[in-house]
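Going down the list, the protein sequences come from chains A and B. In terms of the working numbering, the first sequence is residues 1 to 133. In terms of the working numbering, the second sequence is residues 134 to 432.
Honestly, I wouldn't trust all of these hints.
What the hints assert, rightly or not - Covered stretches of chain B (in silico footprint by chain A; criterion: 3 or more residues with CB under 8 Å from a CB of chain A, positions within the stretch not fixed):
1) 146 to 155
2) 173 to 185
3) 343 to 353
4) 379 to 385
Stated by the list, open to error - Below, simulated DSS-like cross-link-like pairs (lysine-lysine); rule was C-alpha separation at most 27 Å, straight line:
5) A:89 with A:131
6) A:89 with B:421
7) B:396 with A:89
Just so you know, these hints were derived from the structure itself, not from any lab. Built from N, CA and C at the ideal position, the CB exists for glycine as well.
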Amino acid sequence: MNASLLQLLLSLAEVALMVGACAALFGRKPRALDRERVLVQLARDVAGFRAAAVAISADGHSALVQDGASNRVYLVVQSGDGMVSRELKQSLVADARADGDRLLLRLRDFTLRRVALALPDPGAWQARLGKLS
Amino acid sequence: MSAPFDPVTVATPAFALLVLAEMLFVRFTGRGRFEVRDTAASLLMGLGSVVSGLLFAFVFVGIAAMIAPYALFHFGWSWPAAAACFVLDDLRYYWWHRASHRVRWLWADHVNHHSSQHYNLSTALRQPWGGVLALPSHLFLAPLILLGFPLAMIAFVHGLNLVYQFWIHTETIGRFPRWFEAVMNTPSHHRVHHAVNARYLDANYAGVFIVWDRMFGTFVAEDAHDPPRYGIVGQIASFNPLRIAFHGWVSLAHDLSQARSPKDAMLYLFARPGWSPDGSRETTDVIKANWRLAEEAAE
Numbered sequence: 001m002n003a004s005l006l007q008l009l010l011s012l013a014e015v016a017l018m019v020g021a022c023a024a025l026f027g028r029k030p031r032a033l034d035r036e037r038v039l040v041q042l043a044r045d046v047a048g049f050r051a052a053a054v055a056i057s058a059d060g061h062s063a064l065v066q067d068g069a070s071n072r073v074y075l076v077v078q079s080g081d082g083m084v085s086r087e088l089k090q091s092l093v094a095d096a097r098a099d100g101d102r103l104l105l106r107l108r109d110f111t112l113r114r115v116a117l118a119l120p121d122p123g124a125w126q127a128r129l130g131k132l133s
Numbered sequence: 134m135s136a137p138f139d140p141v142t143v144a145t146p147a148f149a150l151l152v153l154a155e156m157l158f159v160r161f162t163g164r165g166r167f168e169v170r171d172t173a174a175s176l177l178m179g180l181g182s183v184v185s186g187l188l189f190a191f192v193f194v195g196i197a198a199m200i201a202p203y204a205l206f207h208f209g210w211s212w213p214a215a216a217a218c219f220v221l222d223d224l225r226y227y228w229w230h231r232a233s234h235r236v237r238w239l240w241a242d243h244v245n246h247h248s249s250q251h252y253n254l255s256t257a258l259r260q261p262w263g264g265v266l267a268l269p270s271h272l273f274l275a276p277l278i279l280l281g282f283p284l285a286m287i288a289f290v291h292g293l294n295l296v297y298q299f300w301i302h303t304e305t306i307g308r309f310p311r312w313f314e315a316v317m318n319t320p321s322h323h324r325v326h327h328a329v330n331a332r333y334l335d336a337n338y339a340g341v342f343i344v345w346d347r348m349f350g351t352f353v354a355e356d357a358h359d360p361p362r363y364g365i366v367g368q369i370a371s372f373n374p375l376r377i378a379f380h381g382w383v384s385l386a387h388d389l390s391q392a393r394s395p396k397d398a399m400l401y402l403f404a405r406p407g408w409s410p411d412g413s414r415e416t417t418d419v420i421k422a423n424w425r426l427a428e429e430a431a432e
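Whole structure, please, built from the sequences with the hints as guidance.
Take a look at the structure:
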């Protein structure tokens, strides 16, 4: 076997060993999003943020929040044990569609392309997103 | 004469053992954080970076070989020359690193190293794959070659520099004695560098010697009242190494495709990350200015 290929395979095995150790030591299911965590995250990410409306997806993986001062809408998604937020601008949202009890978002974002939120009133959020600047 | 050894290759088994040791320490003390998918992504980014480095080494060697004939002096291999080369390479690293945060073209590559929301030894291994595309960064090779240091010596001392930087990616170490913190880059100083808190943005670019930041006005001390939060201003939502490796490049390519003039295209490439023609995005300068205003208003 080619020496370089062997070295690559050994390195992959080493990575697998370390990931396995990490899973054994830290492999807990991340805590679902709640209102407080989402608002703390947005207060950190957005200067002067003041929540007006908050909707957490039933699966606890994502949330939509409207800022009272600017009327801007923010998406917060769980990413591992952390969170990622995005201001939903017209230039970012390729499509926002209510489908039953879900709001389906398609974003122009290489690392966050699709988000499905199970919300009590997805139609109202679709309407809000229709007014984005 | 060739380099005595490749420091990074020699240190790699120690890197793996230290990552495992840090995991155990964090698990039993709670000082620090690990997340499985984040760690896997960082480790695979490290492996991919080694592979891409080997695949494209000929580009760097080719550029270096083109510059070498114009060297002003010719230092042979000696330990005093290697020591001088180490210090000057660290100065070179400071300016390359500072440019990598302030020039979008270079940030498109370097952003990968900062893309984790965690800060542990595996984060040190989260290295970019597209260095060959960050063309302006190759210019930073030139001064040491033009001064006349052998290419193998430059590669050797740079390897030592990278090995030093591994251990400072940790939350498990607090602070060292004042004299050490004054001269050397430490976990505390480098936590600041990886933080997204407004007060910490664009600070502590040092590799080994923090004195460069103190000299050039980019030093910020870690503040116990404002614990670092890690990652990048627009955090990424993926643990897929391919998406991590190329998200900065895809974003830059998209902006270039939307540029309405050659001037806009040049500014997308060379202006600060976050620059946009209509000012609708925020650079780190804007974020820091807004934060200072909010702090002053609160006082």
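Here is what the structure says about each hint:
Only residues whose beta carbon comes within less than 8 Å of a beta carbon in chain A count, and the region 146 to 155 of chain B has 3; three or more means the coverage holds. Note: the region 173 to 185 of chain B has 6 residues with beta-carbon separation from chain A under 8 Å; the three-residue rule is met and the coverage holds. Judged by the Cβ-Cβ criterion of 8 Å, the region 343 to 353 of chain B is not covered by chain A as claimed, because only 0 of its residues qualify and three are needed. Counting residues of the region 379 to 385 of chain B whose C-beta sits closer than 8 Å to any C-beta of chain A gives 4, which meets the bar of three, so the coverage hint holds.
For the suggested pair residue 89 of chain A and residue 131 of chain A, the alpha carbons sit about 10 Å apart, so the restraint of at most 27 Å is met. For a cut-off of 27 Å, the pair hint linking residue 89 of chain A to residue 421 of chain B stands: about 22 Å separates their Cα positions. Proximity of residue 396 of chain B to residue 89 of chain A is assessed by CA-CA distance (about 25 Å); at most 27 Å being required, the pair is judged to hold.
Violated hint for the displayed structure: number 3, the only one.
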